[in-house]
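Just so we're aligned, residue 261 is where the first sequence starts under the numbering used here, counting upward by one.
Since the hints were made in silico from the structure, they are not lab data.
All values derive from a computational prediction rather than experimental measurement.
Hints may contain errors.
What the hints assert, rightly or not - Straight-line Cα separation of at most 25 Å, DMTMM-like style, residue types lysine to aspartate or glutamate; simulated pairs:
hint	residue 1	residue 2
1	Lys-315	Glu-402
2	Lys-660	Glu-632
3	Lys-644	Asp-657
4	Lys-524	Asp-414
5	Lys-566	Asp-603
6	Lys-566	Asp-428
7	Lys-692	Glu-653
8	Lys-397	Asp-471
9	Lys-469	Asp-318
10	Lys-715	Glu-698
11	Lys-382	Asp-414
12	Lys-472	Asp-462
13	Lys-494	Glu-546
14	Lys-692	Glu-634
15	Lys-322	Asp-603
16	Lys-469	Glu-488
17	Lys-397	Asp-607
18	Lys-290	Glu-376
19	Lys-692	Asp-669
20	Lys-663	Glu-634
21	Lys-662	Glu-634
22	Lys-294	Asp-361
23	Lys-294	Asp-537
24	Lys-715	Asp-283
25	Lys-663	Glu-653
Stated by the list, open to error - Label pairs and their computed distance ranges (CB to CB):
hint	residue 1	residue 2	range
26	Ala-266	Leu-520	53 to 59 Å
27	Met-694	Thr-291	29 to 35 Å
28	Leu-377	Thr-291	22 to 28 Å
29	Val-465	Gln-540	32 to 38 Å
30	Gly-297	Glu-681	56 to 62 Å
31	Tyr-667	Thr-713	22 to 28 Å
32	Thr-713	Lys-662	26 to 32 Å
33	Ser-568	Lys-662	45 to 51 Å
34	Gln-695	Leu-612	25 to 31 Å
35	Gly-589	Asn-556	15 to 21 Å
36	Asn-613	Pro-380	38 to 44 Å
Here a beta-carbon is modelled for each residue, glycine too, at the ideal position from N, C-alpha and C.
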Amino acid sequence: MAQKPAIPKGTRDFSPEVMARRDFIFDTIKTVFKRYGYQPIETPAMENLSTLLGKYGDEGDKLLFRILNSGDFLSSVSQDGGNLTAEQLSPQISDKGLRYDLTVPFARFVVQYRNELSFPFKRYQIQPVWRADRPQKGRYREFYQCDVDVVGSDSLLNEAELVQMVADIFRALNIKVVVKINNRKILAGIAAYIGRADALVDITVAIDKLDKIGVAQVNAELAAKGIEAEAIDKLQPVLFMQGNSREKLQTLRGLLGDNLLGAKGLEEMTKLLDYIDLLQVDVATELDLTLARGLNYYTGAIFEVKASDVPMGSICGGGRYDDLTSIFGMPDVSGVGISFGADRIYDVMQSLNLFPETTAESTQVIFLNFGEKEAAYCLPYLNKLRKNAVNAEIFPDSAKLKKQMKYADQKGIPLVVMAGESEMAGQVFTLKNMQSGEQFVIPADQLIDKILTIKQG
RNA sequence: GUGGUUGUAGCUCAGUAGGUUAGAGCAUCAGAUUGUGGUUCUGAGGGUCGCGGGUUCGAAUCCCGUCUUCCACCCCA
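Start from the sequences and build out the full structure, keeping to the hints where you can.
Laid out in structure tokens, this is it:
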């Protein structure tokens, strides 16, 4: 064979069967988003690199797909200095990149259209994002995020509402989940408490791995990052903290009470839990002090959702960001949002067999094609069916009946209508039920009604 | 980016002491059944064994490189 056609690493094609299931997920998510008053927007697949760079940390910058400038992109490269490194060359030949998430483009959008939006602005956005990561299970280079964000409101009611939407969506999808919640201010308070407020990132990254590598290794990593033994000792009560969310908060009050930021974080967390109780949100929530989340821009609450019954990275994550729009010149606008990973949700549902049978909504009736005249006899009825909201088609070629029947069978079409010479002569149709195999002769003028009756029954 | 793993027909996979023409199941197509699918039977098409180089009289099989797959790390949806 010649060379096989292929698609880039970490990308996928979606067949009609897969799309039916994907749409089921998207439709469920959209329905809930709308129910809470969020409106859709879309932004371009590519953004200026100046919009994207520096928003996700060094690691994120590395994972950005960059788009080569058009035309003779080498002509503007400065030749002095001889050989350039990739880092030096890249900004000279590329000024656009594929979006890495939907939150940063959204912040850009808000700043750009600030005068046309009324705040608080609640939007949702369902589009693919790209990361030049190395693919593995549940990790793709192109995948869909379903973001909901509200900007222009500090209220913790928004956080509570996000958790409520998480609960609604995963209940509708029949996935058991745990919502892990933490607060960056609490983490900052902990860092200050052990006397290393400056090392917040190193500390959070290390304790993020607690349940994966254990206390000993976490402590080793902290030491490797230059955290003093005394500070690590002080951290141990935090790492070993037991109890439910409320009890943990109580313990933390004793430890962090003096720290202004930490106390604020505890207060926010308490209020959020209160709201969640008042709204009677029906989902397992858990204050998880080891939850850090990498994206640099979070400043308050942070969320992560994991499926209870499947080992898989988080299927949903987000948090509050106070300064994201200020990077684009619009300070003092706080936002909070959460992102559903449609592809991972798909993988979870697939491995748990959670997709309903009926998701493949396709053709309901097909007319077989016996020839030119016979097809002409069928066409008016085909049209009437469609006018009556019945998904219907006619086989376009007068192929062998065996082939046409097989087509109907494989496409899962439940009703087949046949009209050959004898049916035409008698002004009737033969209607076949593909599930039972039964078939009846029906007067032509009753065909539509009969099919509509079957469809309802 | 680091370490490991994988690649044979459209799909799932057999096939090593290197040795004639590389196999099976499923799928496809044709026929049995020229107005009837899902079961059955018969037959057919389809592979430069991921790609490139090397060792050898001879390579799907051994060596090197490269791409791809999957996994772990990093990070993350």
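Against the structure, the hints:
1. Lys-315 with Glu-402: 19 Å, holds
2. Lys-660 with Glu-632: 14 Å, holds
3. Lys-644 with Asp-657: Holds: Lys-644 and Asp-657 sit about 21 Å apart, inside 25 Å.
4. Lys-524 with Asp-414: Status holds; Cα separation ~13 Å.
5. Lys-566 with Asp-603: Given pair Lys-566, Asp-603 holds - Cα atoms ~14 Å apart, limit 25 Å.
6. Lys-566 with Asp-428: 15 Å, holds
7. Lys-692 with Glu-653: It holds: about 15 Å lies between the C-alpha atoms, which stays within 25 Å.
8. Lys-397 with Asp-471: 20 Å, holds
9. Lys-469 with Asp-318: 19 Å, holds
10. Lys-715 with Glu-698: Cα-Cα ~16 Å, so holds.
11. Lys-382 with Asp-414: Distance ~13 Å between Lys-382 and Asp-414 Cα, so the pair holds.
12. Lys-472 with Asp-462: The hint holds at about 16 Å.
13. Lys-494 with Glu-546: Since the Cα atoms of Lys-494 and Glu-546 sit roughly 23 Å apart, the hinted pair holds (cutoff 25 Å).
14. Lys-692 with Glu-634: 17 Å, holds
15. Lys-322 with Asp-603: 22 Å, holds
16. Lys-469 with Glu-488: Since the Cα atoms of Lys-469 and Glu-488 sit roughly 19 Å apart, the hinted pair holds (cutoff 25 Å).
17. Lys-397 with Asp-607: Roughly 9 Å separates the two Cα atoms, so the pair holds.
18. Lys-290 with Glu-376: 24 Å, holds
19. Lys-692 with Asp-669: Judged against 25 Å, a Cα distance of about 12 Å means the pair holds.
20. Lys-663 with Glu-634: It holds: about 17 Å lies between the C-alpha atoms, which stays within 25 Å.
21. Lys-662 with Glu-634: Roughly 17 Å between the alpha carbons, so the hint for Lys-662 and Glu-634 holds.
22. Lys-294 with Asp-361: Holds, because 21 Å separates the two Cα atoms, which is no more than 25 Å.
23. Lys-294 with Asp-537: 23 Å, holds
24. Lys-715 with Asp-283: Distance ~23 Å between Lys-715 and Asp-283 Cα, so the pair holds.
25. Lys-663 with Glu-653: Roughly 15 Å separates the two Cα atoms, so the pair holds.
26. Ala-266 with Leu-520: 53 to 59 Å: Taking Cβ atoms as reference, Ala-266 and Leu-520 lie about 56 Å apart, which means the hint holds.
27. Met-694 with Thr-291: 29 to 35 Å: Taking Cβ atoms as reference, Met-694 and Thr-291 lie about 31 Å apart, which means the hint holds.
28. Leu-377 with Thr-291: 22 to 28 Å: Check passed, 24 Å falls within 22 to 28 Å.
29. Val-465 with Gln-540: 32 to 38 Å: Given a distance of about 35 Å, which is inside 32 to 38 Å, the answer is holds.
30. Gly-297 with Glu-681: 56 to 62 Å: Cβ of Gly-297 to Cβ of Glu-681: about 60 Å, so the range 56 to 62 Å holds.
31. Tyr-667 with Thr-713: 22 to 28 Å: 25 Å, holds
32. Thr-713 with Lys-662: 26 to 32 Å: 29 Å, holds
33. Ser-568 with Lys-662: 45 to 51 Å: About 49 Å separates the Cβ atoms of Ser-568 and Lys-662, which means 45 to 51 Å holds.
34. Gln-695 with Leu-612: 25 to 31 Å: Holds - the Cβ-Cβ distance for Gln-695 and Leu-612, about 27 Å, lies within 25 to 31 Å.
35. Gly-589 with Asn-556: 15 to 21 Å: With a Cβ separation near 18 Å, Gly-589 and Asn-556 satisfy 15 to 21 Å, so the hint holds.
36. Asn-613 with Pro-380: 38 to 44 Å: The hinted range 38 to 44 Å holds for Asn-613 and Pro-380, with Cβ atoms some 40 Å apart.
Violated hints are absent here; each numbered hint is respected by the structure.
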